[in-house]
Structure formats: structure tokens, C-alpha cells
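Student: Here is what each chain is made of, one letter per residue.
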Amino acid sequence: MAYFRLNGESRELDIEPEMPLLWALRDELGMTGTKFGCGIGNCGACTVHVDGNAVRGCITPVSAVEGRDVTTIEGLATALGGDELTPVQQAWIDHQVPQCGYCQSGMIMAVSSLLARNPSPSDAEIDAGITNICRCGSYPRVRKAIHAAAAAMAVDATA
Amino acid sequence: MNKPKLSRRKFLLVSAVAGGGVLIGYAATRPSRHRVANNTLAEGGERFVTSWIRLQPDNRITVYVPHSEMGQGIHTALGQMAADELDADWELVDIEQAPATDLFANDAIVKGFGEELLPPFLTGVVNASALTVARIANLQTTGGSSSVRYTGENTIRVAGAAARQMLLQCAAERWGVPLAECSTELSHVHHSASGRSLAYGELAEAAARMEPPENPVLKEPSQFNLMGKAISRRDIPAKVDGSAPYGIDAHSEDMLYAALRLAPVFGAKLVSVDAGQALAQRGVRRVVELEDGYAVVADNYWRAKQALELVEATFEPTENDNVSSAMLAERFDAALASDNGSEDFESGDADAALEEAGDVLEANYRVPYLAHAAMEPMNSTMHIQGDRAELWTSTQDALAIKARAASTAGLREDDVTYHHSYLGGGFGRRLPFTWNVIDHSALIAREFDVPVKTILTREEDMRQDYYRPAVHSNFRAAFDSEGRVTAWHNRFTGPIQVPGAAHIPYAIPNQSIRVVDVETHVPIASWRSVDHSQQTFFIESFIDEIAHRGGVNPYQLRMDLLQEHPRHRNVLQVAAESAGYGSGLPEGHALGIAVQESFGSIAAQVAEVSIGEDGRPIVHKITCAMDCGWAVNPDGAEAQIESGIVFGLTAALHGAITIENGQVVQGNFPDYEMLRMATTPEIVVHLVESGNPPGGLGEPATPPVAAAVANAIYILTGQRIRELPIGDREFTLDRSLAGAFSGPANLSVDKNYLDGLGE
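Protein chains in written order, with my numbering: chain E, 99 to 257; chain P, 317 to 1075.
Don't read these hints as lab results, they were simulated from the structure. These numbers were taken from a predicted model, which means no experiment stands behind them. Glycine is no exception: its CB is placed at the ideal position from the N, C-alpha and C atoms. One thing to keep in mind: the hints can contain errors.
Beyond 12 Å from chain E on every Cβ pair, some chain P residues (computed) [claimed, not checked]:
#1 Glu-385
#2 Glu-775
#3 His-905
Which bits of chain P does chain E cover? Going by a derived footprint, with three or more residues having C-beta under 8 Å, they are [said to hold, decoys possible]:
#4 690-698
#5 919-927
Sample of chain P residues facing chain E (criterion: CB under 8 Å; computed from the structure) [what the hints assert, rightly or not]:
#6 Asn-616
#7 Gly-657
#8 Phe-661
#9 Gly-726
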């Protein structure tokens, strides 16, 4: 049996320990916000948080998240303490970032994790920290939205 | 403002409907579809006032959009066009994907391109001969950057304008006042003299008794309230919280999952499989043998995918089993050397001019096959129950893909229900005629009585694509004794998918442009911007070569040869001035320029490039000036341009699908690399509004970027790039020409022209 908390709720699954978290989420639990892109941990479409840190779900076996907190895009706002959109999600809307949108769940999860570790990343730190692929080329808007989200979070922190 | 050329009257039909609703439609071929819409889709007091517009008693309006939303923002853009003509309150407007039924077939594309001129890329190169225009007219194709300029201009705006006039007339009659005293605003009709107002929703029922406007008048741009505004896209909120549904997200508790392996050599047939080990794995239900491959079906996709690797399969040998990219390249070159091909465009006598020339420049260009690599791997879910089925898949043409799935499954089209979703990227891959997976999915699903979701692994997605064609091209230019170019010769390998992509706007007196079709076993299809992606790299590189050969600034040569093309000159000038062409650049940086018209828009791009310490080019900035006539949603337009540039630059720097042993070598992103945050340059976009009809925007930003970058690299290094991708090539600066181009380009010559253009 595999056991972890998903967006705050306990989940127990009778699955192989080596099954990637991505497929446990999508096929066993019907949580389809997390996407399959490459299957080798390269594109980042499957990015989720484990204990708050971004991991690529397609190469993370469920055994590696045993007893831990898994957060997906569906639970992001709640996990950060609110029921509204997070500053990152809001910045994504403000800057009209998504196009096809398929990569954006993973992109938002990766960025949220980056900003939790580094509240005010430089462009170089963004380049190093965000390696997700967006085939629509939303990168210029992703960059602007990251800076905007960082600024909004800084205001929130001092308010 | 331009008016649609077609007689609107011809396509305007009205039917009184049982129950009192009113329907206006714009398709002479289907007089009954609006009646059917009200009878089958309208609930309660809802009324379709045209095929595409439904009014509700609570005054909400639904605009039905017959195009797929794949990130281009078309739902919002077409919604803006309908709502603006209708003078609707945007807050009360809902936008829905039109159902995949004949009721909502979209013939605007056929009319837009012209029935005789429907380009092969929309009909599918492979199957073009089997299709008729009439068949295409019944589809819901999203491609050719056509949704706004054809469907929007010729159908959706007209529908909105007609509905507005009907509601206006209806209110005037109810009040017994002259129509001219009534006005519309924010989903209400007003009679200001008496201070009365009626909500559209209150008029829908009564509109059933009105005659339709004979010729609905479209707004002038000065009257636009919603068009031309950067309105937030309606599809975005669901794309930031994980709730936006894609085809791959179809889910049910009892569904099964199929992992598919197709013949690695295109066209090979399956001989046998040994499925014993696979069948012994947990969750595996069956191994389905298909004509050209096999699938493992399991209760979880990962289990299916793991077991797929345990199947031992044999495929029939084919005559292509030893084909490689090198062999194909030889085949292309041999064809160009031995065959003068067929005419694409001829003027003057290029052969004679080359014969007599004082100087001839010859260059051979080539580009490789490219995969689409949409982020959502190709997939399809079908649930077949007896003679009925349900279908979930992300497609650029719901109606056609439904028909294809029905045909493969042996069902009637009307017995298949299609469920819409967003597309995780299209780029031409999800057009219906070059879409193999739908067939396999239907054949697999037929074996089960629960829904079966077939997903290609990334590796299969990349190796079983229909590819952007590899093209080789032989160029020659003749110069007279003054160094002026007198002839342009282009022999390129076909097929032509977009007629005219190899034509040039430059005033060169003698031109010979001919295509030599070469057969290969590699399946091809349209890929964002289609033939423009190859030909613009060739043409805009070779015109640069011509400029350098003649010692003329490449910007200036273009301007000189484009006297008959003021829109080209304008975007060149805007891009060049913005990018700092001819002015001081950081040490070691250079600019390259390119311009191309495609899909009704004209894009000029300037690339600012330097060479890094490792000898690899660094693209710092792309500046794009785009004359798209006018933009329905300027922010959406800019997003499409940014996207097109990243797509084209990805291909220029990294993109190559190669063949060995008849098979595609690349299988995943490390081998088929993409631009990412760290490698994406700054992008500066200028929308140049020329007052011309709206041009396409999904594709026109893709073609020029490769040549712009290559032209900058030439100035930096003296090395001419005639083959893409640029890849891992290392460059040295010892032959740099940057000094020769550090002086200011003569940008002032066109100031007068630019000033006069704003009228």
C-alpha cells in the first residue's frame, strides 16, 4: 500500500511502490490537473510539490512520497493558506501567461516552489530555477509574471 | 474599413420557428440548421437569434465559436467580434465551443480562401485527391491563421450585426417609434426620447416575428467598443488552477488505458507479437494487434506503458529499412540536379540573364524534417457501446475527427458524440487528415465495452508524427556590370503545401521559381506557418547574400527592391528603427533582418546576436514589427507573435528530426531540444495597424526569425548559414564584417512615406 496526503487529505492506494506519482494522481485518483509531457523528468509538465518542494511527478515513485504531503495545482491555493488564487496564479492571469495552457500547471508549481525558496529571484536565478518547457513560448510572460508575483508577495509580507 | 466581398444576402436566411424563436443564418447550404438549433439546443426561453448567437431570458448571451482553442485566444477574439457588433455587455457574454455537429459546420474558411484555392495543407496533402471542397465546407477546421480573418470577418461579425438590427427593429415596433430613434448599448435597446429600455433577453421571443435585415451593416472601427481592445482571455482562469480540460484528461473510474507502439519504419506491417510476458503483468488486460503496430491495454497508463516494453514484435521488412537522412539528402540533391521541375512562378528570362551575367552567385540551402512536439502527447479516448460511441480528443477539427473515428469504428457519424476540450498545442499536428492515432484509438476501443484512453508516449509522439517537410533548395542570382541583381533562380524540393510561399516580393526582373517533387517514405503535414518556415529562411538568407555580394546594406537592398510593397517597407522600417539598426550596439553584437508576408500579415524581424565564449551564438533580442491590418485583441496578438518567434527560433537553433534505418532517431526532448527560459531572448513587438483587413496571427511571426538570426551571424562571423538547425556549430569572429555595417543605415529615406501612411 502507498500512503500520502494529497492536498491535505490522506490517501491510501494499493499500487506498486515504483509507480510514478504522476500516474497515481491521474489514473488512480482522477487528479488530471497534473500533466504528462515527456515521462523522463525533462519538460516539467508533471511538477507537483512534495513537502512544499517542486518535484517532477513522472519520475518520482510513490514510494518516495510515502507519508509525505503532496500538493498539486488543484490544491495550491489551499496549501498556501488561502482559498483564493495565489499571487503566482493571479500574476499568471494579470500577465495573460498561458496560451494552450498544458504546461502551465507544472510551470506554476515550479515557480511557486522557487519563490518559496527565493522570494525575489534575479533573471539569472529564474533561468536556472525554471527549466520547464512551454511549446507555446510563453517564457517572456512567465518571466514578467514571476517578477510581479514576487513583488505582490513582498507587499503581502510587509502588510 | 473593408467590407466582405461576398454578398451577405446570399447567405442570409431566416426561419420562423415553432415556439416563436427566431433564427438567422449565414449558410445557404443549410437553411434548416438554425431551426434545428432552436429545436434541439435551446432550453426554456433561450433563443438562437443566429446560428452562432443564443439569447437567454436573463439577458445572458452565448456566442458559439466553431474553432478549437489551442492557445491562440480564438474563443475570446471571436467572442469580442460577435459581442461588439451586437452591442452586447461583455460581462453578460458567455463563449462556448460550437458542438461538433453539422449545425455548426463552418464554411467561412472555404469562402475565405476561395473554393478554387483551398490550400493543400488544409485538405491534407496525403489525401487531398480524395476530398472535395464540399466535404471541407462541412468541417470545423482551425488552421491557416484563418479564424479571425475569415470566420470572424465574414460570419461572426455579420451574425452579431444582424442580431443587433433585429433586436433594434423589434423594440422600435413594440414602442411604435421610428427605428432611427432607437439605439443599442450594453445588451439593451434604448429609446432616449422616452427614456425607455428593453433588455435583449426580453426581445428574443418577439424577434421571431421580425423580418431579418437584408444587409446587416458592420461597424466602422471608430464605433468599436470591444474589438481592438486587449480584453483578458476567457480560457485563462481555468488554465491557472488545473481545471481546464484537455483531451488527455478524459477520466472515468472504469476506464482502461492503451499504450501504443507503431511500426518504427513508416509503412511497415506487423507480422507477429509475443505478448506472454506483457500479459502476465499486473493490470494488463489485453495486447491488441493492429495492422501497423500493437497496443497494451491496462487499468493504468503506466502499467500499460511498462508492459509495452515487454512485448516482442516482428514487422515486415520494407524497401525503406536502410533509408537515412544522408540518403534522403542525396536523393533531394540528385533530383534538383537532374530535374528542372514544374513551374511555380516565372517572369522574364532568368536563364538568359544568368547566362549573360557578369557575376553569378549560387548557394544551396537545406532544412530538416521537424516534429510538432505539442506538449499534450497525441491521445484519444473512445467509449464504444454497440452502435453508439463517445469520443474525447483534442483536435483542430472536431467535426472531421468525429467523422474519421466513426468511419474507423464502423459507426454512423451521427451516432458518435464528441466531447470538446482545450488542445495542449496544435501547430498543425491536430488537423484531421494527417492524424493516425485516432484510427488506432478507435480500433482498440472497439475491443472493450468501457472507455479506452490511448496515449502516445513522448517517444511515439515524436517518432510517429507527420513532419514538417525537409527541403533542399538551389539558388542562383545574376548581377549586371553595375552589381545590380538581374535574376533570381530557386529550385526547391516539394511538395508545395502553401502556394506562393516561395514567391518573392522583390523587384528582380527575371525570376524562375520551380519545384521538384521528391518521394520519400516520411509522412509530412503542415507545421506552424507551413512552407513559409522553410522558404522564408531560404529567401531572406539569399537576399542577404545578394546584398552583401553587391556591397549594399541588407536593410537598404530590401527597401530598394520593395518599392511596390509599402507595407513591407513600413514594417522593415519600424523593426529596424526599434532595434537600433545602424546605431550603437553593445560591443560584439550585430543585427540581422528579415521580412515575410504570410497568411495575410507582414512580419519584419530584427535579431540581435553575439557569439559567446564557447563559439555558440547568443540571441539577445528579437524585434518584430507586424502589419496584421488591425488586431481584434492586441494583447492576444502580441502573445501569438511572441509564441511564433519562440517556435521559429526553437527550430532555427535546435530543430532536427533525422532518419536512420528508415526510422526517426529522436524520441524525447533532450534529443529534440526546445527553447527554455534561459535561452529565450527578449522579444519586442510592434503592432503596425495599416487599416487593411485583419491578417492571420497564429503563424506569420514564425517564418522570418531563422533568417534574421542567420543574417546577424553572418555579419558577426562572415560565415553564412545555409543549413538548419544552427545546433552545436561553433563560430569564430576572425572574419567579422561588423565594422562594415557599423555606420548608420539610411533610415530617413522613408520618413515621408511613413508619415503619409497613417491616413
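Student: May I ask which of the numbered hints given earlier this structure violates, with the numbers listed in increasing order?
Tutor: Failing hints, ascending: 1, 2, 5, 7, 8, 9.
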